[in-house]
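Chains A and G, in that order, give the protein sequences. Those letters in the first sequence? Residues 107 to 391, by this note's numbering. Those letters in the second sequence? Residues 2 to 453, by this note's numbering.
Since the hints were derived computationally from the structure, they do not count as laboratory data. This one's a predicted model, so the numbers in the text were calculated from it and none came from an experiment. There is no bait here: all hints are sound.
If you want the ones that stay clear, here's a sample from chain G, every Cβ over 10 Å from chain A, calculated:
#1 Pro66
#2 Ile69
#3 Arg134
#4 Arg189
#5 Arg201
#6 Ala206
#7 Asp266
#8 Asp377
#9 Gly395
#10 Lys404
Cut-off 25 Å, straight-line C-alpha distance, at most; resulting in silico cross-link-like pairs (DSS-like, lysine-lysine):
#11 A:Lys391 x A:Lys300
#12 G:Lys40 x A:Lys136
#13 G:Lys40 x A:Lys278
#14 A:Lys200 x G:Lys40
Covered, in the sense of this in silico footprint (three residues per stretch, anywhere, with C-beta under 8 Å from a C-beta of chain G), are these stretches of chain A:
#15 223 to 232
#16 249 to 255
#17 281 to 291
A virtual CB, placed ideally from N, CA and C, is assigned to each residue, including glycine.
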Amino acid sequence: MLRLLLIGTVLTLGHALGHADDQVAIDSIKKNGGLVLPSPGRENQWDIQFQLRGRDLTDDGLADVARLGNVVELNLRDTKITSAGLVHLKGLAKLTRLHLERTNVGDEGIANLTKLTTLEYLNLYGTKITDKSLDHLAGLKNLRQLYVWQTDVTDAGIAKFKKALPAVSVVKGIDLSTIIPVAKEEPKPENDLKWLPEGGDEKPPAKSVTGEFIFVRFINERDKPVKLFWIDYGGKPKLYGVIEPGDQRRQSTYEGAVWMLADERDKPLGYFVTGREFARAIIPK
Amino acid sequence: MLSLQHSRRDFLRSSVGLAGLTLPTFLKAQAVSKPRRRKAKACIVIYTWGGMSHYESFDPKPEAPVDIRGEFKPIKTATPGIQFCEHIPLLAKHSNKLAIVRSVHHNNGAHSGAVYLNMTGHHPEGQIKAKGRKNWPSITSVISHFHRPIAGVPGAVRMPYSMYDNGRQMAGEGAGWLGAKYDPILMRTPAGEPYGGVSRYDDPALNLKLNLEKKRISDRLTLLEQLDQSLGQKVGDSTAYEKLDHYRQMAADMLLGSPVREAYDLELEDQRIRDMYGDHIGGQSLLLARRLVEAGVPVVQAVCSAGDLAGGGGDNWDTHRNHFPKMKNRLLPVFDRAVSALLTDLEMRGMLDETLVVFLTDFGRTPKVNGNGGRDHHPGVYSMAFAGGGVHGGQVYGASDTKGIEPAAGACSPADIHATVYKAMGIDHNAELHDQLDRPYLICEGQPLPIV
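The following block holds chain A by itself, in its conformation from the complex (with noise of 0.2 Å):
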């Protein structure tokens, strides 16, 4: 009975100092930035993240992860840590994700996850890695994800690797050099809308109708200044900017729409009505 006793002591103590252990981790981890959360579903167990707060996490740093043991997840995109840190992810028996993107590891740090076989994600972009990498992976027999875009792993090593680990998605991405950008096309102006001056014989409408989007190229052909109105739905004239002499302006509007223009008082000079296509409307002398 005593016995059982102590067993039950030894055991309850031991359980404590773990957690004791685990919280002096934790707070390390905290101080360089990570994130320790609980992973959703599971009992005890981290996922921490470094690649937010914690981008300044060096090799020493990841002692903290190690000594947490119960980490299933581990991000440390984005930080300071090279391959002499990895050593310490070699004892994390519960890692099923693990992202070092974007980081300065190498093959050489990746000679360390040999033996992590829980890993099904392991996310390499942006590293120093070689097909070299690869080999040393090729135990993993849980991995399904592996990414290894903006590396020097070949295609060949992937296909040898994909001879070891046939279900194992393999990421290598896209070659940015083959992108093309989309030419722009800027509409040409067609046609020119008709000037219609304030009391001439053509009277504008009397107010804007809706229709469809079109750009229409004001060009200031006065040697003065000029202000720009659109007559809203109502009728209202509602100012839009001013065209300095010899200025243009891309305006965005709709068919149907009138424009009129106007000298510094307010005085109104003349008028357009857009139609259909991208016009030029030239304010004539």
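With chain A held as given, fit chain G onto it using these hints.
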């Protein structure tokens, strides 16, 4: 994460009253209320404002009569048996990442009701107002409630502007009764050619390009003062300003060195990646969405069209007139390139697995092409899609009938789509949330589709 009330309720439900309580059912009830294992850690909502035609996107009907099937042809995708419209050829290559749903339907043929329904998962009751605190929270607000970001990072971001119909702002994009704290932050996309049409900024939009030089941001107080000045011009009186306190604090945090500020600076991105998305506000918004997710923002919404329908004249999906040229020349090319770039980019960075991408829209378009060469509103059946975040790609859920008029199989509602999103994000779709007066609401009335 989940409320105590919720676990107790589940507990009672699963044990059929106290009489039937045994230890195993007790343990089971406990397990139900725990956060679920999930793949998705972040969510990007792509909203095609105005109502995207299902015929000219994910559900072409080549066998239908010519007045229904329209001018475009179907093309093969990377998945045998799945066809898309010919004008989304890049996206067709990503079909293995996409779960297409071709059987969503509802009964609300107005933009205001349809946006509300698709953004909140609930039917509007009575008059809904854009900033109403009686509204149901948007899907983005709910996600941000369950996925809390680190300090200084917004829980939800939407861009590049709010949705308007002829000058009237739509309800459903805000947090409603969840409270201002969960309103997604409206952010201006800092680059890209804008969609043609009217885009309004009646809400204060966060523009981290404000003329604030780093050395001038000496302390938080000065920064807030500067923000006051630059925003005050747009917002007007100071009382309106008080309400923005949460927003100001957030803005200040971001300007003072949160990873979000860096993410916002698209100039820091590789030019070739920017080209891949396209020099368009649609493409650059999705690029920004990826960068914000990388910076720890749990959910980002991008509206892919001009912000105001303004009678359907501009570059939006409300194609009552000139449907075919507008789809072919203005809308589908931007959508195709930008969304394909996002999927490529997320995939090669290893982010697609952890990021759920959801395509939402108001409704589909009518089978018959009208006298103006357009298609009108059709909530009877329409398509949407999921990618990433643990969703199985290369599949179609449900079907519309041969003419694309109504669901022929797997009929589902916007609420079911929301339940699917919640499941992928590890959120119990039967969870309860409480409004500011502590009244409980069941977040979703739908059932998850079997695609996650």
